[in-house]
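J.: Sequence:
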Amino acid sequence: MSVLITGSAGFIGYHLARRLLSEGHRVIGIDDHNAYYDPALKAAREAQLTPFPGYLSLRGAIQTPGLLTDIMARHRPRVVVHLAAQAGVRHSIDAPDAYLASNLSGTFQLLQAARAHPPAHLVMASSSSVYGGSPTMPYRETDPTDQPMSFYAATKKATEGMAHSYAALYGLPITMLRFFTVYGPWGRPDMAPFLFTQALMQDRPIPLFNHGRMQRDFTYVDDLIDAIRALMEVIPHHPAIPVAGDSLSPVAPWRVVNIGNGAPVRLMAFIDALQAATGRTARLQMMPMQPGDVAATWADTTLLDRLTGPRVPTALAVGLARYVDWFTQHYGSEPMQRHQAARHRRHA
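Numbering (the working numbering), first residue to last: 1 to 348.
Don't read these hints as lab results, they were simulated from the structure.
For each residue, glycine too, the CB sits at the ideal point set by N, CA and C.
One should not assume that every hint holds.
[As the list claims (entries may be wrong)] Below are the SDA-like pairs computed for lysine to any residue, each with C-alpha atoms no more than 25 Å apart in a straight line:
#	residue 1	residue 2
1	Lys157	Gly133
2	Lys157	Leu56
3	Lys157	Ile235
4	Lys157	Pro138
5	Lys157	Met201
6	Lys157	Gln198
7	Lys157	Ala273
[Said to hold, decoys possible] Across the chosen pairs, the derived CB separations fall in these ranges:
#	residue 1	residue 2	range
8	Val234	Asp143	14 to 22 Å
9	Ala315	Glu233	22 to 30 Å
10	Val318	Ala44	34 to 42 Å
11	Pro310	Ala95	22 to 30 Å
12	Gln202	Gln112	42 to 50 Å
13	Pro239	Ala44	25 to 33 Å
14	Ala315	Gly279	12 to 20 Å
15	Asn34	Thr302	35 to 43 Å
16	Gly279	Gln112	30 to 38 Å
17	Met137	Arg283	24 to 32 Å
18	Gly161	Ala317	37 to 45 Å
19	Met191	His211	18 to 26 Å
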């Protein structure tokens with residue numbers, strides 16, 4: 001099987017590419033290695049992929065007109081997994097233009113490429129952020145998603161609508177994936193596991209927003225990759241008979257699926273597990289809620305289980321222990337220098 005992965009040097013893209021390559025599939029990976037966070041981490045991830053003979057690394061920004069169309073015309077992938085995006089809720093307040101370019105223009109270029117050279121299945125990353133300020137939990141795929149709390153969330157909601165229109169107009173089979181707080185080895189340095197571990201290693205205070213009264217549905221990366229890999233084979237069709245609780249569109253071969261652990265974790269419980277994994281004691285700095293953030297997330301994973309079979313999620317203590325092992329092996333006890341330099345360049 002030939003698979004095109006956008007964002008192949010990113011956190012999730014790397015793990016998915018490695019899984020597919022280990023299964024013997026061919027992977028065409030495209031990534032622009034931008035400086036939102038340390039490009040050296042992206043290069044280190046990709047260095048783990050290049051020894052595989054089935055891996056083709058391409059460099060470029062997905063919003064470049066015609067780039068993805070040319071790639072798909074040349075390589076004709078059976079499946080496309082679209083993971084490239086400008087991530088981060090808080091950064092979307094400071095740099096909304098980056099989200100407009102990557103998330104909206106980039107996704108448009110991908111849909112145009114898929115229209116010209118249709119894959120058997122187009123799998124696209126969305127986000128739990130689309131649920132916005134909804135007080136009803138756990139979040140179900142059929143819940144309204146009309147109250148985005150950040151521009152990042154608004155762009156992800158928009159990509160779902162854009163994809164549905166192409167599925168309806170051109171018969172493209174599309175599955176949207178709503179990810180819930182993914183963590184694990186090779187994770188992004190702008191996310192809580194990295195920032196908290198970094199602070200613990202350097203005996204610095206950990207800032208806890210909303211005074212620590214936060215809950216997140218933390219999803220270990222291997223569990224996420226298992227779900228993506230299974231859903232790649234679950235191609236939506238129209239017309240089709242939906243399963244119970246399905247989000248399958250009544251007018252298009254389009255479906256949206258939550259991928260989460262299925263249970264929220266209090267932020268203080270996360271800190272406790274991280275202290276156990278590092279053997280260090282945290283110093284906490286209570287902070288008010290940040291603009292664009294939400295107090296809790298919780299995925300209803302019933303549809304995922306019905307489509308792919310029952311799962312046994314990785315326990316938080318196990319996942320964090322693996323993450324800390326990787327963190328200390330990759331960064332040692334001084335993980336800050338390159339990340340701080342990257343942040344300085346980004347905000348300069």
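J.: Determine for every hint whether it applies to the structure shown.
T.: Consistency of the hints with the structure:
Between the alpha carbons of Lys157 and Gly133 the distance comes to roughly 13 Å, so the proposed pair stays at or under 25 Å and holds. Distance hint between Lys157 and Leu56 is unfulfilled; the C-alpha atoms sit about 31 Å from each other, more than 25 Å. A C-alpha spacing of about 21 Å is found between Lys157 and Ile235, which places the hinted pair at or below 25 Å, so the restraint holds. For the suggested pair Lys157 and Pro138, the alpha carbons sit about 18 Å apart, so the restraint of at most 25 Å is met.
Proximity of Lys157 to Met201 is assessed by CA-CA distance (about 37 Å); at most 25 Å being required, the pair is judged violated. Of the pairs offered as hints, the one joining Lys157 and Gln198 is violated, with about 32 Å between alpha carbons and a cut-off of 25 Å exceeded. Taking the CA atoms of Lys157 and Ala273, the gap is near 33 Å; set against the 25 Å cutoff, the hint is violated. Checking the proposed 14 to 22 Å range against Val234 and Asp143 shows it holds: the Cβ atoms sit about 21 Å from each other.
Roughly 27 Å separates the CB atoms of Ala315 and Glu233, a value that falls within the hinted 22 to 30 Å. In this structure the supplied range 34 to 42 Å is violated for Val318 paired with Ala44, their Cβ-Cβ distance being about 24 Å. For Pro310 and Ala95, the Cβ-Cβ distance of about 41 Å falls outside the hinted range of 22 to 30 Å, so the restraint is violated. Range check, Gln202 to Gln112: about 46 Å between beta-carbon atoms, so the 42 to 50 Å window is met.
Roughly 46 Å separates the CB atoms of Pro239 and Ala44, a value that falls outside the hinted 25 to 33 Å. A hinted range of 12 to 20 Å for the beta carbons of Ala315 and Gly279 is consistent with their spacing of about 18 Å. The supplied range of 35 to 43 Å is met by Asn34 and Thr302, whose beta-carbon atoms lie about 36 Å from each other. Here the CB-CB span from Gly279 to Gln112 is close to 51 Å, at odds with the stated 30 to 38 Å.
Restraint check, Met137 to Arg283: a C-beta distance of roughly 31 Å satisfies the suggested window 24 to 32 Å. In this structure, Gly161 and Ala317 meet the distance hint of 37 to 45 Å, their C-beta atoms being roughly 39 Å apart. Distance hint check: the CB atoms of Met191 and His211 are about 20 Å apart, consistent with the given range 18 to 26 Å.
Going down the numbered hints, you'll see the structure goes against 2, 5, 6, 7, 10, 11, 13 and 16, while the others check out.
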